[in-house]
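K.L.:
Position chain B relative to chain A; hints supplied.
These protein sequence lines are chains A and B, in that order. Going by this note's numbering, the first sequence opens with residue 1, and the numbers climb by one from there. Going by this note's numbering, the second sequence opens with residue 1, and the numbers climb by one from there.
Warning: the hint list may mix true and false statements.
Stretches of chain A that chain B covers, calculated by requiring three or more beta carbons in the stretch to come under 8 Å of a beta carbon on chain B [what the hints assert, rightly or not]: (1) 49 to 61; (2) 76 to 84; (3) 88 to 102.
In case anyone wonders, no lab produced these hints; they're calculated from the structure. In this text the structure is predicted, and so the values were computed from the model without any measurement. C-beta: ideal position from N, C-alpha, C; glycine also.
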Amino acid sequence: MKNIKYTFVFIAFIFSAQSFAQGAYEKGMQKGLSLWGENKTVEAVAMFERIAQVEKDNWLPLYYASNILIIQSFSDSTTDIKNERLKKATQLIEKAHGLSPDNSELLTLEGMLYTGYVAMDPATYGMQYSGKIMDLHARAIELDPSNPRAHMNSIEYELGAAQFFKTDTAPICEKMKSVLVKFDEQSTDLPFAPKGGKERALQVIENCGL
Amino acid sequence: MKVNFYIFLFILQALIGYSQTRVSGNISDKSGNPLIGANILITGTYDGGISDTNGNFEFSSEETGVQTLEVSYLGFQSTKLETDMSKMQNLKITLKESTQTMDAVEISASTFKAGDNSKVAVLNPLDIVTTAGSMGDVVAALQTLPGTQSNAEDGRLFVRGGEARETAIFIDGMKVFSPYTRSIEGTPSRGRYSPFLFKGVSFSTGGYGVPFGQALSGILDLQTIDEPRATETNISLMTVGLGIGHTLKGKKQSISLSASYIDLTPYFKLAPSRFNWITPYRGFAGETVYRYKTSETGLFKSYLAGDWGNIELNDTNLNTGIEEAIAVKNGNIYSNNVYRNIINDQTSFFVGLSIGINSDLIEVDDIAIRANLMGSHIKSQFKTILRDDFIVNYGIESMYQRDKFESLLFSLSSFIRNPVERFNSAIFLDGDYFFSKNTAFKPGLRIEHNTLFQTVDVLPRITLAQKVSKNGQISAAAGLFSQEVDSEFLYTSQGLVSEKAKQFLLNYNIKTKKHILRAEVFLKDYTDLVSFQEFQPNVPSNISNTGQGQAYGLDLFWRGNQLIKNIDFWVSYSFLENKRKYQNYPVEATPNFSSRHNLSLVSKTWFASLKSQLGVTYQYGSGRPFENPNTDGFLNERSKAYQNLSLSWAYLISQQKILFLSASNVTGFRNEFGYRYADLTNSDGIYPGQVIRPSEDRFFFAGFFITISADKQQNQLDNL
Numbered sequence: 001m002k003n004i005k006y007t008f009v010f011i012a013f014i015f016s017a018q019s020f021a022q023g024a025y026e027k028g029m030q031k032g033l034s035l036w037g038e039n040k041t042v043e044a045v046a047m048f049e050r051i052a053q054v055e056k057d058n059w060l061p062l063y064y065a066s067n068i069l070i071i072q073s074f075s076d077s078t079t080d081i082k083n084e085r086l087k088k089a090t091q092l093i094e095k096a097h098g099l100s101p102d103n104s105e106l107l108t109l110e111g112m113l114y115t116g117y118v119a120m121d122p123a124t125y126g127m128q129y130s131g132k133i134m135d136l137h138a139r140a141i142e143l144d145p146s147n148p149r150a151h152m153n154s155i156e157y158e159l160g161a162a163q164f165f166k167t168d169t170a171p172i173c174e175k176m177k178s179v180l181v182k183f184d185e186q187s188t189d190l191p192f193a194p195k196g197g198k199e200r201a202l203q204v205i206e207n208c209g210l
Numbered sequence: 001m002k003v004n005f006y007i008f009l010f011i012l013q014a015l016i017g018y019s020q021t022r023v024s025g026n027i028s029d030k031s032g033n034p035l036i037g038a039n040i041l042i043t044g045t046y047d048g049g050i051s052d053t054n055g056n057f058e059f060s061s062e063e064t065g066v067q068t069l070e071v072s073y074l075g076f077q078s079t080k081l082e083t084d085m086s087k088m089q090n091l092k093i094t095l096k097e098s099t100q101t102m103d104a105v106e107i108s109a110s111t112f113k114a115g116d117n118s119k120v121a122v123l124n125p126l127d128i129v130t131t132a133g134s135m136g137d138v139v140a141a142l143q144t145l146p147g148t149q150s151n152a153e154d155g156r157l158f159v160r161g162g163e164a165r166e167t168a169i170f171i172d173g174m175k176v177f178s179p180y181t182r183s184i185e186g187t188p189s190r191g192r193y194s195p196f197l198f199k200g201v202s203f204s205t206g207g208y209g210v211p212f213g214q215a216l217s218g219i220l221d222l223q224t225i226d227e228p229r230a231t232e233t234n235i236s237l238m239t240v241g242l243g244i245g246h247t248l249k250g251k252k253q254s255i256s257l258s259a260s261y262i263d264l265t266p267y268f269k270l271a272p273s274r275f276n277w278i279t280p281y282r283g284f285a286g287e288t289v290y291r292y293k294t295s296e297t298g299l300f301k302s303y304l305a306g307d308w309g310n311i312e313l314n315d316t317n318l319n320t321g322i323e324e325a326i327a328v329k330n331g332n333i334y335s336n337n338v339y340r341n342i343i344n345d346q347t348s349f350f351v352g353l354s355i356g357i358n359s360d361l362i363e364v365d366d367i368a369i370r371a372n373l374m375g376s377h378i379k380s381q382f383k384t385i386l387r388d389d390f391i392v393n394y395g396i397e398s399m400y401q402r403d404k405f406e407s408l409l410f411s412l413s414s415f416i417r418n419p420v421e422r423f424n425s426a427i428f429l430d431g432d433y434f435f436s437k438n439t440a441f442k443p444g445l446r447i448e449h450n451t452l453f454q455t456v457d458v459l460p461r462i463t464l465a466q467k468v469s470k471n472g473q474i475s476a477a478a479g480l481f482s483q484e485v486d487s488e489f490l491y492t493s494q495g496l497v498s499e500k501a502k503q504f505l506l507n508y509n510i511k512t513k514k515h516i517l518r519a520e521v522f523l524k525d526y527t528d529l530v531s532f533q534e535f536q537p538n539v540p541s542n543i544s545n546t547g548q549g550q551a552y553g554l555d556l557f558w559r560g561n562q563l564i565k566n567i568d569f570w571v572s573y574s575f576l577e578n579k580r581k582y583q584n585y586p587v588e589a590t591p592n593f594s595s596r597h598n599l600s601l602v603s604k605t606w607f608a609s610l611k612s613q614l615g616v617t618y619q620y621g622s623g624r625p626f627e628n629p630n631t632d633g634f635l636n637e638r639s640k641a642y643q644n645l646s647l648s649w650a651y652l653i654s655q656q657k658i659l660f661l662s663a664s665n666v667t668g669f670r671n672e673f674g675y676r677y678a679d680l681t682n683s684d685g686i687y688p689g690q691v692i693r694p695s696e697d698r699f700f701f702a703g704f705f706i707t708i709s710a711d712k713q714q715n716q717l718d719n720l
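Only chain A is shown next, with the shape it has when bound in the complex (with noise of 0.2 Å):
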């Protein structure tokens, strides 16, 4: 009787510090998220951090991070700043990739990764990695064809490709519009998982003029 007693308490000490845990995670993440939404980008990295570093597991925490790092990049004022933001990100890139091998979501993160570096200096990076980052897109997409943001991303290449050789944009536009129900469909059960994206698809449908 006395062993049972001291098994219950146990469960129920176990349970309870597990049930924390749990807890804050979920609020970590609903931190990380919202200081994101209040635009605080760099609380927002430092919060991302912190749960890597305690969720040794979990590849979440990593791609928010720099996922939120690269956008930064994209509008930082000096190369130098730009380039330390990057490399910090492929480093979180890296360590996510080591959780979750063969993930779309990291694929096309990675993706935009390749495409910061291009955008900081084209002439350097763009031979070298335009073919890379369609590559990334293409195994993004063969692994999850469900995934909205990795055929967004896709077409937003192509389609910058089609204004710099003054091809018809059109059907690349309408291939856009088709991404939309891909974003109104997207399921998961993992909670955080990323589904944002829409309005960025919205806004490139936008300049399209459709």
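P.N.:
Same frame as chain A, now just chain B:
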């Protein structure tokens, strides 16, 4: 009651868990400036915060006891502090700037890089292919950089008054034994390898590091692509030949196969040439590249290439006045295999093996000479990051070379050894030490042993670098370099040693978004150069290491990026004073391959409306010495200055098709490269001479390049 006790413990635990400790402090850099947005956290917990505009931070934590506080900030070295939670208040934390950031001082004086490291790169990978006049030759494009000169009748790299053989060429750190195609006087050699194989180029005109040996003047290290872009087929249709390539790319491995056939016969049927060609150049080349990603960090690359080519022409022998048929036939196989990986977070390594086999057959009428070379290079190199500010490189290598000379008509009785076989083995160690982000030095040592000479050479090298402004830095380097004497002397001589050069250089470098400016002065002191006497023409005797020489000069480089919209350009100027007393020189003189002034202007203009890039390259080299045996003195006559204006036009028809047109020496300067003279006087007591000219003044090229890939987006722009 017992249960109650446990419940009490449980509540207590929860209470302890929720008791809060305030953690606070200030983060600044070494000079006390606050760092805004630094990330502060308690290791292994969600607790943390970031520093505000004054560098202050504050957060609460439920942790107790001894914990680790971690502080990180972009561009600074992360720091950790282990202490009791109760002491984590009003902390003063100073972060040290990372020496690995973009704006840190860079220790690589005299090196020109093209590649993805924009910190030191002065060229981007595209520049090699798009430089007008380079005709897709890596080496020709590099001849627009300071410290080099364009010896158009030869084509090879001449660095700062050194012979062409003094610049060693490597692929992924492994030796290339016969890097140039075989040619005959008046037609330039080319680099053997396609520029599309490489993602980066590192070209050093002096003061290079200890991992590189057997080079007195310069090194060129070409870095191959790690991962091909995609599965695709490439087709090239050119006025000089055809090429086809296919790449298969999988998730972890990829294989590329390509083949090309070059034949200049149709071109010279249409275009005028000074030479009496039988076969201008005809050759076949094939290559395969296999790449395998062994893990996230491990990569194995294997490259195998072979090419066969021949040139035949009729030429009048100055000594006999008789026209004779000259044929040069060459076969070459080269294999390069490297594997690199990391051992842990601090240490990475690579191991490599390269093998080269080369055979030259030279036929003059019915006299044939065959020279065979077999070489292999094995190397293992490690890099250990001991601290953020202290990185060491160390390794071991061994190079085997075998030269064999065959001739049925020449007497080889003076040969004391044939083949010539030897090993050059070395160990090396250097360290990059950063005193701060602004000051660094790199001492290094290379110890080399040669089995033929039975000598051990100790070669110390040092580089210092100091940042003098936000974008400017000064570097100084000094070192000892050695190289085996040319293999032709090894057949007949005993007791030779390696040739040596002491190099000193001082470099100023400024790089902003729109400009790159470099200025460098150098001094090179040669000792132990091969010296010999010629009692009969072209038969060296009394070969010894008593020659010496000195070269000094100034190199300038200025590159402007988008100073004028859509125009990119660079200007190189080199001044060189070069004197030697070596080989058969009776007195000290400037060698015939060396010109005092060299200038290159390169521009590239992008016309968006035409989807085209126009390339313009102008090169000037002051007249070079030549020896006229009909006059007094030695090597004291000068040839005409060399000039060349080249144009190229690349037109992107679509993403899959590109049209490329180029013309060298469009204005038709009548270049000459000195004179050659008969070995003996004629009946009038005069050595008959003949001016050396290129086979043609102008050269035109047109090529149409197609990429067929599953992915229609594949961009020919990449091949521009």
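K.L.:
Could you tell me which of the hints above the structure violates, numbers in ascending order?
P.N.:
none
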